[in-house]
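Q: So the sequence lines, in the order shown, correspond to chains A, B and C.
Counting in our numbering, the first sequence runs from 1 upward without gaps.
Counting in our numbering, the second sequence runs from 1 upward without gaps.
Counting in our numbering, the third sequence runs from 1 upward without gaps.
Simulated from the structure, these hints should not be mistaken for laboratory data.
One or more hints might be untrue.
As the list claims (entries may be wrong) - Computed beta-carbon distance windows for the label pairs: (1) A:106 to C:87: 19 to 27 Å; (2) C:79 to A:98: 28 to 36 Å; (3) A:367 to C:19: 33 to 41 Å.
Said to hold, decoys possible - Quick list of in silico lysine-lysine cross-link-like pairs, BS3-like style, CA-CA up to 27 Å: (4) A:213 to C:145; (5) C:69 to A:430; (6) A:213 to C:69; (7) C:69 to A:201; (8) A:213 to A:107.
Using N, Cα and C, we set each Cβ at its ideal position, and we do this for glycine too.
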Amino acid sequence: MPSSPPASSFLRLGRRGFAAGAGSLVLGVVLRRHLRADAPGPLADVEGGDASPDLWIALEEDGTARITCHRSEMGQQVWTAMCQLVAEELEVPWEKVVVEQALGDPKYGDQNTDGSRSVRFNFTRLRIAGAAMRQMLEQAAATRWGVGAAQCRGVQGEVVHEGSDRRLPYGELAAAAAALTPPPERRIQLKDPDQWRYVAKPTPSLTIPAIVKGEGTFGIDVRLPEMLYAVVARPPQVLGSVRSFDDTAARRVPGVVRTIQLPAITAPVAFKPLGGVAVVARNTWAAIRGREELEVEWEAGPNASYDSEAYAETLFAQVREAGRVRRERGDTMGALDSAHQRVEAEYYVPHLAHSMMEPPAATARWDGDRVECWACTQNPQAARSTVAQVCGVPEANVTVHVTWLGGGFGRKSKQDFVAEAALLAREMGKPVKVTWTREDELRHGYYHTVSAQRLEGALDESGACTAFLHRTVFPPIASTFQEGANEPGWGDLRLGASDTPFAVPHLRLETGEAEAHVRIGWLRSVANIYHAFAVQSFVAELAHAAGRDPKDYLLELIGPPREIDPRTEGAEYDNYGSSMDTHPIDTGRLRAVTEMVAELADWGRTLPEGHGLGIAAHRSFTSYVATVVEVAMVDDRLTIPAVWSVMDAGTVVNTDHALSQLEGGTLFGLSNALYGEITAKDGAIVQDNFPRWRVMRMNESPPRMEARLVPSGAPPGGVGEPPTPPAAPALANAIFAATGTRVRRLPIFGADRRDRLGGAR
Amino acid sequence: MSRWLPCALLMLAIGCDDCGEDEPEPVADPLPGTAGLRSVADFADIADEEARSVALFEEMGKVLTHPRCVNCHPIGERPLQRAGEPHQPHVVRGEDGHGAPGLPCASCHGESHFRTVPGNPEWHLAPAEMAWEGKSLAAICGQIQDPERNGGKDMEALLEHMESDALVAYGWDPPEHLEPAPGSQALFGQLARQWAATGAHCPPEPTGDVEGPAEASEDEVSPEAGEASAPTEKAE
Amino acid sequence: MSITLTINGEEHEVEAAPDTPLLWVLRDHLGLTGTKYGCGVAQCGACTVHVDGVPRRACVAPVGSVAGKAVVTIEGVSGPEADAVREAWTELAVPQCGYCQSGQIMSAVALLKSRPSPSDDDIDRGMAGNICRCATYVRIRRAIKQAAGEGER
Numbered sequence: 001m002p003s004s005p006p007a008s009s010f011l012r013l014g015r016r017g018f019a020a021g022a023g024s025l026v027l028g029v030v031l032r033r034h035l036r037a038d039a040p041g042p043l044a045d046v047e048g049g050d051a052s053p054d055l056w057i058a059l060e061e062d063g064t065a066r067i068t069c070h071r072s073e074m075g076q077q078v079w080t081a082m083c084q085l086v087a088e089e090l091e092v093p094w095e096k097v098v099v100e101q102a103l104g105d106p107k108y109g110d111q112n113t114d115g116s117r118s119v120r121f122n123f124t125r126l127r128i129a130g131a132a133m134r135q136m137l138e139q140a141a142a143t144r145w146g147v148g149a150a151q152c153r154g155v156q157g158e159v160v161h162e163g164s165d166r167r168l169p170y171g172e173l174a175a176a177a178a179a180l181t182p183p184p185e186r187r188i189q190l191k192d193p194d195q196w197r198y199v200a201k202p203t204p205s206l207t208i209p210a211i212v213k214g215e216g217t218f219g220i221d222v223r224l225p226e227m228l229y230a231v232v233a234r235p236p237q238v239l240g241s242v243r244s245f246d247d248t249a250a251r252r253v254p255g256v257v258r259t260i261q262l263p264a265i266t267a268p269v270a271f272k273p274l275g276g277v278a279v280v281a282r283n284t285w286a287a288i289r290g291r292e293e294l295e296v297e298w299e300a301g302p303n304a305s306y307d308s309e310a311y312a313e314t315l316f317a318q319v320r321e322a323g324r325v326r327r328e329r330g331d332t333m334g335a336l337d338s339a340h341q342r343v344e345a346e347y348y349v350p351h352l353a354h355s356m357m358e359p360p361a362a363t364a365r366w367d368g369d370r371v372e373c374w375a376c377t378q379n380p381q382a383a384r385s386t387v388a389q390v391c392g393v394p395e396a397n398v399t400v401h402v403t404w405l406g407g408g409f410g411r412k413s414k415q416d417f418v419a420e421a422a423l424l425a426r427e428m429g430k431p432v433k434v435t436w437t438r439e440d441e442l443r444h445g446y447y448h449t450v451s452a453q454r455l456e457g458a459l460d461e462s463g464a465c466t467a468f469l470h471r472t473v474f475p476p477i478a479s480t481f482q483e484g485a486n487e488p489g490w491g492d493l494r495l496g497a498s499d500t501p502f503a504v505p506h507l508r509l510e511t512g513e514a515e516a517h518v519r520i521g522w523l524r525s526v527a528n529i530y531h532a533f534a535v536q537s538f539v540a541e542l543a544h545a546a547g548r549d550p551k552d553y554l555l556e557l558i559g560p561p562r563e564i565d566p567r568t569e570g571a572e573y574d575n576y577g578s579s580m581d582t583h584p585i586d587t588g589r590l591r592a593v594t595e596m597v598a599e600l601a602d603w604g605r606t607l608p609e610g611h612g613l614g615i616a617a618h619r620s621f622t623s624y625v626a627t628v629v630e631v632a633m634v635d636d637r638l639t640i641p642a643v644w645s646v647m648d649a650g651t652v653v654n655t656d657h658a659l660s661q662l663e664g665g666t667l668f669g670l671s672n673a674l675y676g677e678i679t680a681k682d683g684a685i686v687q688d689n690f691p692r693w694r695v696m697r698m699n700e701s702p703p704r705m706e707a708r709l710v711p712s713g714a715p716p717g718g719v720g721e722p723p724t725p726p727a728a729p730a731l732a733n734a735i736f737a738a739t740g741t742r743v744r745r746l747p748i749f750g751a752d753r754r755d756r757l758g759g760a761r
Numbered sequence: 001m002s003r004w005l006p007c008a009l010l011m012l013a014i015g016c017d018d019c020g021e022d023e024p025e026p027v028a029d030p031l032p033g034t035a036g037l038r039s040v041a042d043f044a045d046i047a048d049e050e051a052r053s054v055a056l057f058e059e060m061g062k063v064l065t066h067p068r069c070v071n072c073h074p075i076g077e078r079p080l081q082r083a084g085e086p087h088q089p090h091v092v093r094g095e096d097g098h099g100a101p102g103l104p105c106a107s108c109h110g111e112s113h114f115r116t117v118p119g120n121p122e123w124h125l126a127p128a129e130m131a132w133e134g135k136s137l138a139a140i141c142g143q144i145q146d147p148e149r150n151g152g153k154d155m156e157a158l159l160e161h162m163e164s165d166a167l168v169a170y171g172w173d174p175p176e177h178l179e180p181a182p183g184s185q186a187l188f189g190q191l192a193r194q195w196a197a198t199g200a201h202c203p204p205e206p207t208g209d210v211e212g213p214a215e216a217s218e219d220e221v222s223p224e225a226g227e228a229s230a231p232t233e234k235a236e
Numbered sequence: 001m002s003i004t005l006t007i008n009g010e011e012h013e014v015e016a017a018p019d020t021p022l023l024w025v026l027r028d029h030l031g032l033t034g035t036k037y038g039c040g041v042a043q044c045g046a047c048t049v050h051v052d053g054v055p056r057r058a059c060v061a062p063v064g065s066v067a068g069k070a071v072v073t074i075e076g077v078s079g080p081e082a083d084a085v086r087e088a089w090t091e092l093a094v095p096q097c098g099y100c101q102s103g104q105i106m107s108a109v110a111l112l113k114s115r116p117s118p119s120d121d122d123i124d125r126g127m128a129g130n131i132c133r134c135a136t137y138v139r140i141r142r143a144i145k146q147a148a149g150e151g152e153r
């Protein structure tokens, strides 16, 4: 472990980063990973994960607070959340807050905006930064008035002297404050939560006022002088390549400037561009039309025989074999063998696509051996390193501007599209924007992996579960980064498999091997999607076998309030990057959300004919969500009249935006479960656009949706992803309650457009 | 029945002084059967007029039950598309057949085709009472002659609709990726005229199970229970 | 060829083949990037504009077909319905990422113009053509109702 930092090393004064006027107070915040453990005062709360020296906050002469956001805005309202934290302690009026989006730079620490950690990892340090600035302004006012700083208070953009009610606006104090030394950590006073005016409140969004006017720049909206537009014909199979191509007809399309063959990809695929042939044109439509006229002969490569239908059978065969033990409590196999009743079930979740409404798009412009990129990236530092690697230039020569993201869901953490833009712009000697069409997005994704799982449970005479076996088989995310990686890693398993919190005497997690034939990536809540689907479905199956109410049985399995540590049972577990001390696996909180959602949904009430309720509860990204879905099966038609979701995400920075995530994340999970399926034939993805790839629409969304947050003073947990995992099993459990048909294979409505309710395995 | 009157007039007009013979009814500019649809001449050897009329209608049925025609005569409020799948997105007939407020047909369907999106200046859905999705030919045959369920058309108006309506014409001129209705509108029109001339007889109801309306929306989750379980009354 | 377009009340001359989709003329030729690309096949509604007051998917509207007609985009949509929709959208924090919301707003305004007090069914039917992957449907529904209520006052 690095040693404790010297006092004040986390706050630095500076004038870099903004074109701030001479009278501005600019504070650079050092955000080191190791501040957490031994630091005094409020620093004891600082979450780890990021290691950044410079996060700039400027207070300008007119009182404007210009706050850098180093994370990417993709609808989770991170701009608003980050600014709420600073503005809360700085005490600036909300209308004086202006956001600056940070460039991609390691100095900001971790900028990879996924893992539901922006707030988790910045909650304390951004407030410290705001408080330090406020205290400097208070000190400057105290000096001006010749009074003690303790009598001066920063309130909504002014320092007020409590004795005399004299006031000075921040802007007038900024220059004087800039001459002061930031206070040491032990002197920084954070507000008590009951004094918060922005945090834990429905503070208005900083992006929505622009969105409703069609303003704001997404990646696809970037425009530069002289810019050309490109689309790329990519190999249908991963690791395929161009054998030959004829661009005669393509170049005849008016507006087409040139075609360019991109270098073939080599394994491991990582974030490298897929290769293929680019069509560069004077506008997007000409590029699209040119690509249609392009004739390419492809070399199919090593994945040409991938057929997802056949592969499902391979996975099922694998999951029936004994696997490698990854977590063990007691003697699970022995307990299963001697069970009074043994319950077994197998589940399948197909590949899924991200299909964020803005497909990947990036623009690049070279100046000599330096390149500037604009991209809707969740991970600008990875964009920078990928561009540097692919173009063979030092990272220092690459600048990455982060635009707004029209949805991310994990796809925009992968930087292939940014590197394409850089390669093409260099080749053209002009700025080039690469736009991915919807077809490109669906056919060339980093897909959510495909999985088969087998669960077995032992019930005793009373129906209590005594042993719980979970075997999971899927091509791991590691396969994208390491050729041949075929075994689930701890990073996959911690997501709803190695952390199963059930109070059973015997518990075992096993994994099996599975090879990847497409690029595997992470999708909102990642492996929690299939793990929660299997585990929470199986709980209801056990309840049914035991003749018990599924909600009661779930609570019984969760057991009494206590803390779970999978590491004591042989699992490697990193707790989503948060400390097990501050963010333990707390079964009491999982129980609480389960009980609350049951009450909200009036669980146990008499339902209309053909209706059923299903419940599921899951902890992910250190937050707890329980969901109840009501379905109605009338005249063989499935409808979802209502959904209830309760989330305990600890302290929530923006209550309204967190509820919005809870609503949207739940429906995202239902959409995947109902319709989501990416299939491959001869190694190529079959789905090319809506509605062959289908997502939930307004008329398919539940007319009634109630979302609630659990009031909590616990440290913040994740918000963007935790709502998704319980949705699918709650739906499947509801369908079982309504119809007696158990859905074990998703999606519920398959790509063949037939209702598979009767065809479940 | 008043609806037979125009038919009789029609027969007079085209001349039927030799109806008892095996000669085919005379047709102006008879077209050869083509593209999966036989011509009037191909039915000439059916001696019995009623049988010939029925056979002609069964031939017309290849068009009437083709997705290009059925898709816009859906039994529910939602049209079909392609080979008869529920239309995506979930659009509806609306009050005047031109879609719902906020989502009229013309949101997507222009005056002409645009790549895979069909277009036509008249693009709209047939009214609910003119739906024949999933119905037997016998039922369709009865229905299209019933002014209560054919938009108030007499036989001549019906024949004109079939042989010259601009939106009906779409059936033979869809975008490239869609299969056109068999034959041509002219050929279809001639079959229809000859069917009318031979008495506009209808095929018998098939014995056994009458094919019910297709479960058009089986893959759909809609907000209200039973919302799309549209009336399934069978026309006789 | 040169085509004269009226967009948000202003005349523009653009050089484009008449079969170029209006979407790309708006975005690439005219820099009106508020109208979004989402699918290119009239499935998602992100590119919705109004042509002579009727909602239209710009991705499948050949630019030649709108010459001489009044095109209104998210940047220019105005009037009591648009004001009410924008206000409700902001107040209820409807958008998440916001990418589809130009189209959602254009559809919602069109819906309210022909159905000032839409029912749940009307909202389902009028908004079924606009996909939101963030799945903000719960709030869109609520906001349309709120906007309708304000329209009545």
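Q: Now tell me if each hint is right for this structure.
A: Results for each hint:
Between residue 106 of chain A and residue 87 of chain C the C-beta distance comes to about 42 Å, which lies outside the given range of 19 to 27 Å. Between residue 79 of chain C and residue 98 of chain A, the C-beta spacing of about 30 Å keeps the proposed range 28 to 36 Å intact. A C-beta distance of roughly 37 Å is found between residue 367 of chain A and residue 19 of chain C, which places it inside the suggested range of 33 to 41 Å. Note on residue 213 of chain A and residue 145 of chain C: the hinted pairing holds, with a Cα-Cα distance of about 20 Å set against a maximum of 27 Å.
In summary, the hint linking residue 69 of chain C to residue 430 of chain A is not supported, as the alpha carbons are separated by about 36 Å, beyond the 27 Å threshold. Restraint check: the Cα-Cα separation between residue 213 of chain A and residue 69 of chain C comes to about 22 Å, which is no more than 27 Å; the hinted pair holds. Between residue 69 of chain C and residue 201 of chain A, the direct Cα distance comes to roughly 46 Å. Violation of the 27 Å bound is thereby established for this hinted pair. Annotation: proposed proximity of residue 213 of chain A to residue 107 of chain A is violated, straight-line Cα distance about 34 Å (limit 27 Å).
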